[in-house]
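*Asks:* Residue numbers (this note's numbering), protein chains in the order written: chain A, 1 to 115; chain B, 1 to 113.
It should be emphasised that the hints constitute simulated quantities derived from the structure, not laboratory data.
Small disclaimer: the values here were computed from a predicted structure and weren't measured.
Heads up, the beta-carbon is just placed ideally off N, CA and C, and yes, glycines get one too.
Please note: incorrect hints may appear among the correct ones.
[Stated by the list, open to error] Derived CB-CB ranges, DEER-like: (1) A/Asn-17 with B/Ile-68: 48 to 58 Å; (2) A/Thr-96 with B/Gln-42: 35 to 45 Å; (3) A/Gly-14 with B/Glu-20: 44 to 54 Å; (4) A/Ala-39 with B/Ser-5: 42 to 52 Å; (5) B/Gly-62 with A/Asn-57: 38 to 48 Å; (6) B/Arg-77 with A/Ala-80: 44 to 54 Å; (7) B/Gln-42 with A/Glu-67: 21 to 31 Å; (8) A/Lys-40 with B/Asp-54: 13 to 23 Å.
[Stated by the list, open to error] Simulated pairs of lysine-lysine, BS3-like, Cα-Cα distance not exceeding 27 Å: (9) B/Lys-61 with B/Lys-71; (10) B/Lys-71 with A/Lys-41; (11) A/Lys-38 with B/Lys-105; (12) A/Lys-18 with B/Lys-49; (13) B/Lys-61 with A/Lys-41; (14) A/Lys-19 with A/Lys-9; (15) B/Lys-105 with B/Lys-78; (16) B/Lys-49 with B/Lys-61; (17) A/Lys-9 with A/Lys-36; (18) B/Lys-105 with A/Lys-36; (19) B/Lys-69 with A/Lys-36; (20) A/Lys-40 with B/Lys-105; (21) B/Lys-61 with A/Lys-40; (22) B/Lys-105 with A/Lys-9; (23) A/Lys-38 with B/Lys-61.
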Amino acid sequence: DTEVTQTPKHLVMGMTNKKSLKCEQHMGHRAMYWYKQKAKKPPELMFVYSYEKLSINESVPSRFSPECPNSSLLNLHLHALQPEDSALYLCASSHTSGRAYNEQFFGPGTRLTVL
Amino acid sequence: AQSVSQHNHHVILSEAASLELGCNYSYGGTVNLFWYVQYPGQHLQLLLKYFSGDPLVKGIKGFEAEFIKSKFSFNLRKPSVQWSDTAEYFCATLGKVSNRLAFGKGNQVVVIP
Numbered sequence: 001d002t003e004v005t006q007t008p009k010h011l012v013m014g015m016t017n018k019k020s021l022k023c024e025q026h027m028g029h030r031a032m033y034w035y036k037q038k039a040k041k042p043p044e045l046m047f048v049y050s051y052e053k054l055s056i057n058e059s060v061p062s063r064f065s066p067e068c069p070n071s072s073l074l075n076l077h078l079h080a081l082q083p084e085d086s087a088l089y090l091c092a093s094s095h096t097s098g099r100a101y102n103e104q105f106f107g108p109g110t111r112l113t114v115l
Numbered sequence: 001a002q003s004v005s006q007h008n009h010h011v012i013l014s015e016a017a018s019l020e021l022g023c024n025y026s027y028g029g030t031v032n033l034f035w036y037v038q039y040p041g042q043h044l045q046l047l048l049k050y051f052s053g054d055p056l057v058k059g060i061k062g063f064e065a066e067f068i069k070s071k072f073s074f075n076l077r078k079p080s081v082q083w084s085d086t087a088e089y090f091c092a093t094l095g096k097v098s099n100r101l102a103f104g105k106g107n108q109v110v111v112i113p
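With the rest of the complex left out, here is chain A:
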């Protein structure tokens, strides 16, 4: 299984809502990532988890709260978002050691619209 799955595919939320994005992989990867991608732009790294611990936070606003409950799951909790947070949110995973295995596998993304 070389797939990263993400749910939901689409999400529309108001600025006062609380919602969560979910990501799952069963490739035995111990690094997992959240990216944000605006239209026609490259993905921008938000968070990196390594061995279920947060290793990188790219100065992301606190209204985005990541969580890694176990080695296969990654969540992104959303609260009090702004319309400019509307984007495609991508999850990725990879091995953590050995250069040849650091390829990141991407999920299909969650298309988020904040009203």
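Starting from the known structure of chain A, arrange chain B on it as the hints suggest.
*Replies:* Only chain B this time, still in chain A's reference frame:
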């Protein structure tokens, strides 16, 4: 930090034409270079990657890339494109320590039937 730059962000060409997309990386010792493709409405897929060895890398869907150390380049090529190659193409490099994947700005390629 390692980074990559891409040029000619918008490329329009006809079917059967040859495609070459440029990617230049910043010098940082060890290189880990990737080309990803994102078809309209779809997720990022890895086309090919280079870590070491043969500088001419074959990828999926008939794509190849050549690593030229003297030019700090990793250009993507396809001899004859099809309409289905219409997509956004991203070059990327991986940080040595942090697993931070740095993307170029992307090339939007439109193939006209």
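*Asks:* Are the hints correct? Go through all of them and say.
*Replies:* Here's how the hints hold up against the structure:
no.: 1; hint: A/Asn-17 with B/Ile-68: 48 to 58 Å; result: 50 Å, holds
no.: 2; hint: A/Thr-96 with B/Gln-42: 35 to 45 Å; result: 27 Å, violated
no.: 3; hint: A/Gly-14 with B/Glu-20: 44 to 54 Å; result: 46 Å, holds
no.: 4; hint: A/Ala-39 with B/Ser-5: 42 to 52 Å; result: 21 Å, violated
no.: 5; hint: B/Gly-62 with A/Asn-57: 38 to 48 Å; result: 39 Å, holds
no.: 6; hint: B/Arg-77 with A/Ala-80: 44 to 54 Å; result: 47 Å, holds
no.: 7; hint: B/Gln-42 with A/Glu-67: 21 to 31 Å; result: 27 Å, holds
no.: 8; hint: A/Lys-40 with B/Asp-54: 13 to 23 Å; result: 33 Å, violated
no.: 9; hint: B/Lys-61 with B/Lys-71; result: 26 Å, holds
no.: 10; hint: B/Lys-71 with A/Lys-41; result: 26 Å, holds
no.: 11; hint: A/Lys-38 with B/Lys-105; result: 12 Å, holds
no.: 12; hint: A/Lys-18 with B/Lys-49; result: 38 Å, violated
no.: 13; hint: B/Lys-61 with A/Lys-41; result: 23 Å, holds
no.: 14; hint: A/Lys-19 with A/Lys-9; result: 13 Å, holds
no.: 15; hint: B/Lys-105 with B/Lys-78; result: 20 Å, holds
no.: 16; hint: B/Lys-49 with B/Lys-61; result: 14 Å, holds
no.: 17; hint: A/Lys-9 with A/Lys-36; result: 14 Å, holds
no.: 18; hint: B/Lys-105 with A/Lys-36; result: 14 Å, holds
no.: 19; hint: B/Lys-69 with A/Lys-36; result: 31 Å, violated
no.: 20; hint: A/Lys-40 with B/Lys-105; result: 9 Å, holds
no.: 21; hint: B/Lys-61 with A/Lys-40; result: 22 Å, holds
no.: 22; hint: B/Lys-105 with A/Lys-9; result: 25 Å, holds
no.: 23; hint: A/Lys-38 with B/Lys-61; result: 26 Å, holds
The structure fails hints 2, 4, 8, 12 and 19 (numbered hints given earlier, in ascending order).
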